[in-house]
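In the working numbering, the protein residues as written are 10 to 187.
Hints were generated in silico from the structure; no laboratory data involved. Among the clues, some could well be false.
What the hints assert, rightly or not - Derived pair list, reagent style DSSO-like, types lysine-lysine, alpha-carbon separation capped at 30 Å:
| no. | residue 1 | residue 2 |
| --- | --- | --- |
| 1 | Lys166 | Lys153 |
| 2 | Lys163 | Lys101 |
| 3 | Lys153 | Lys163 |
| 4 | Lys101 | Lys155 |
| 5 | Lys153 | Lys101 |
| 6 | Lys155 | Lys166 |
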Amino acid sequence: MFNVLFHRGEFAQAHEQTRELIRIGHDSSDSQVRSWGLQTEGELEFVAGQLQRSIAHLREAVQLATAIPDYGTVAEACGDLGRTHLREGNFKQALTSLEESNRIIDERGLRSHQLVRPRQGLAEAYLVAAERSEGAGRAITLGKAKRACRAALKPCKYFCGGFPGAMRLQGTYEWLTG
């Protein structure tokens, strides 16, 4: 229900859903449900620009999902954490979280809609790095960006709403390479 409300732009109702998930997870001692609520709460806070609150909720979601383990939620929440760090300008922490998220995806062979944001986040981070670099370092980073942009397209077959972002990143890559 959260995803439907979120993608319709009904953020107040989506926020109610996340609070309910967190409450149910807490009251029933269900770490998985609680991690889902915290992860979606972090996503809402990211969109609202509440970056420090988003980081706190996403870190807790990663910890809970790791302990279960729920690798899909770990990958998605860790990717969202990286995107949040990227938005706040903490590039090193962003890259660490996004690379970890994508490592989990690759090692576990994950395939789902949950991979759209982590894959796109890593591509965006590498594109930002390429824009800031020169010479041989730029060429290496552009190579990483190329692979990340290609990987960002793959989960779009599970969630077609990811195509515009993936294509925007591919366009940025093409622009940077001339």
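Each hint, compared with the structure:
no., hint, result
1, Lys166 x Lys153, "holds (22 Å)"
2, Lys163 x Lys101, "holds (25 Å)"
3, Lys153 x Lys163, "holds (16 Å)"
4, Lys101 x Lys155, "holds (20 Å)"
5, Lys153 x Lys101, "holds (16 Å)"
6, Lys155 x Lys166, "holds (19 Å)"
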